[in-house]
Amino acid sequence: MSKYTERENGRGFNEPRPIIAKAGVIKKADGSAYFKIGKTAAYAAVYGPREMHPKHDQDPKTGVLRCNYNMMPFSTEERVKPGPSRRSKEISMVTTKAILPVVNLVDYPNAVVDVFIELTETDAGSRCAGICAASIALADAGITMRDMVAAVSCGVIDHKIAVDLDGPEEHLHDLDVADIPIAMVPSTEEITLLQMDGKVSKDELFKAIESVKPVLKHIADIQRKALKDRYK
Amino acid sequence: MNQDLKNHINESLKKGVRLDGRKKEEYRPIEIKTGVVATAEGSAWVRCGDTEVIAGVKLQVGEPYPDSQDEGTMMVGSELLPLSNPNFESGPPGIDSIEVARVIDRGIREGKAIDTKKLCIRKGELVWTVMIDVMPINHDGNLIDIGGIAALAALKNAKMLEVENDKIVIGKRTDAPLPVEAMPIPVTVLKIGDNLIVDPTDYEEDVLDARLTVSILDDDTLCAMQKGGGASLTTKDINEMVDLAIRKSHEIRKKLKEAL
Numbered sequence: 001m002s003k004y005t006e007r008e009n010g011r012g013f014n015e016p017r018p019i020i021a022k023a024g025v026i027k028k029a030d031g032s033a034y035f036k037i038g039k040t041a042a043y044a045a046v047y048g049p050r051e052m053h054p055k056h057d058q059d060p061k062t063g064v065l066r067c068n069y070n071m072m073p074f075s076t077e078e079r080v081k082p083g084p085s086r087r088s089k090e091i092s093m094v095t096t097k098a099i100l101p102v103v104n105l106v107d108y109p110n111a112v113v114d115v116f117i118e119l120t121e122t123d124a125g126s127r128c129a130g131i132c133a134a135s136i137a138l139a140d141a142g143i144t145m146r147d148m149v150a151a152v153s154c155g156v157i158d159h160k161i162a163v164d165l166d167g168p169e170e171h172l173h174d175l176d177v178a179d180i181p182i183a184m185v186p187s188t189e190e191i192t193l194l195q196m197d198g199k200v201s202k203d204e205l206f207k208a209i210e211s212v213k214p215v216l217k218h219i220a221d222i223q224r225k226a227l228k229d230r231y232k
Numbered sequence: 233m234n235q236d237l238k239n240h241i242n243e244s245l246k247k248g249v250r251l252d253g254r255k256k257e258e259y260r261p262i263e264i265k266t267g268v269v270a271t272a273e274g275s276a277w278v279r280c281g282d283t284e285v286i287a288g289v290k291l292q293v294g295e296p297y298p299d300s301q302d303e304g305t306m307m308v309g310s311e312l313l314p315l316s317n318p319n320f321e322s323g324p325p326g327i328d329s330i331e332v333a334r335v336i337d338r339g340i341r342e343g344k345a346i347d348t349k350k351l352c353i354r355k356g357e358l359v360w361t362v363m364i365d366v367m368p369i370n371h372d373g374n375l376i377d378i379g380g381i382a383a384l385a386a387l388k389n390a391k392m393l394e395v396e397n398d399k400i401v402i403g404k405r406t407d408a409p410l411p412v413e414a415m416p417i418p419v420t421v422l423k424i425g426d427n428l429i430v431d432p433t434d435y436e437e438d439v440l441d442a443r444l445t446v447s448i449l450d451d452d453t454l455c456a457m458q459k460g461g462g463a464s465l466t467t468k469d470i471n472e473m474v475d476l477a478i479r480k481s482h483e484i485r486k487k488l489k490e491a492l
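For the protein sequence lines, the chains are A and B, in the order given. For the first sequence, the numbering used here begins at 1 and goes up steadily by one. For the second sequence, the numbering used here begins at 233 and goes up steadily by one.
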């Protein structure tokens, strides 16, 4: 039996925090979105396809997707120093790879599609919120995609599966907490982002993946609704 | 710069019309919300036309400067986020970002917006540092003014943190407000050809000849200035620009007061 028996505000163990999603929120961008889950909020803006700089990063066979994840200085309790960090560079890279499998950029050789993700406030799950926002923004920009990418993190707290950890849960000191951010193509259930820190058994890992599937399908519905609402 | 655009803007301004149909001295509608970022000690969101900015205040503790041992410190940061405009590039802050941050900073600092003496915890040893970060979400011009308004609103919204054993208690905000004593409003006036305009869009900023930012206190005292742009200004120009800035500061101050 897990010692973790109850979540804050009576939230269910398979229940994500409240979600707000909007498309087309940044006028200057070719596509944009806002995605907020609990107290974690991400903006994403897409620029392109446009000419790739630096030139040596151009690919004559296809356009290149380039995601950039950044936390605003006031987005955590301890101020984040502006500029890229090891952490933000890695998240930018895994974000790009989480989305790449669904976008089709072969029609844009030598071009780049830039996705800028900015977190205004965070309470855990920021890379997943960023991926959700980026995915809506790319669709909003009219980039050819075969599906959305939805992402959420799954926690395993003292052997109990808890979807979409918040900050306090991530930092529980007296219990073992594992955090598994997962991104998925909802229609095919392909996994495009998988990271983990903490200890879990193989069984628990697959339980976690199964638990997030319906949640990610639900998130994808919210993402699609955001896009439709833009044209109401 | 696009010379055709410049000619077009210039010709229109001669007839008193701007690209978006505004008059020369007309500001776009301003909307202000405070307390928009849960992780900040104070925050504000300001939209003016299509320019949208978020400002956040974070507090830290540290040593005072040697020449002001009983005063807290402050700094404004800003970045021209590539998220907010297709012309902004990734990378370390360029001179344009730095200028925006420093001009907003100078207005707040020299206007004595924050009573830094009240930010002293132990003379010579421990003082508060106020970090104000101004981030554009959508940049359609006039970031100095709109960012400056957002910074003031965020300061007014800010609450102090608890301190224990000379360290801040993370996330423990008290009810005590940050000591904000004045509201120096930055107003930027652009000169394009022979015309003076306020609240430029980014197209108008692209073709400016000169600009002057003036930070103005509630008794019309000027507390900071910055001339920009490649063209020179005559004393007559400066006279008119400062007058216009003072008039506009009254409108903006009223808006800001209503929102807070």
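It is worth saying that the hints were derived from the structure and are not from the lab. Check each hint, because a few of them may be wrong.
On the chain A side, residues computed to face chain B include the following (Cβ under 10 Å) [stated by the list, open to error]:
hint, residue
1, G10
2, F13
3, R17
4, I19
5, I20
6, Y47
7, F74
8, E78
9, R79
10, R87
11, F116
12, G142
13, T144
From the three backbone atoms N, C-alpha and C, an ideal C-beta is built for every residue, glycine too.
Do the hints match the structure? See the list:
| no. | hint | in the structure |
| --- | --- | --- |
| 1 | G10 | violated, 20 Å |
| 2 | F13 | violated, 24 Å |
| 3 | R17 | violated, 13 Å |
| 4 | I19 | violated, 16 Å |
| 5 | I20 | violated, 13 Å |
| 6 | Y47 | holds, 5 Å |
| 7 | F74 | holds, 3 Å |
| 8 | E78 | holds, 6 Å |
| 9 | R79 | holds, 4 Å |
| 10 | R87 | violated, 16 Å |
| 11 | F116 | holds, 4 Å |
| 12 | G142 | violated, 16 Å |
| 13 | T144 | violated, 21 Å |
Comparing the model with each earlier hint shows violations of hints 1, 2, 3, 4, 5, 10, 12, 13; every other hint is respected.
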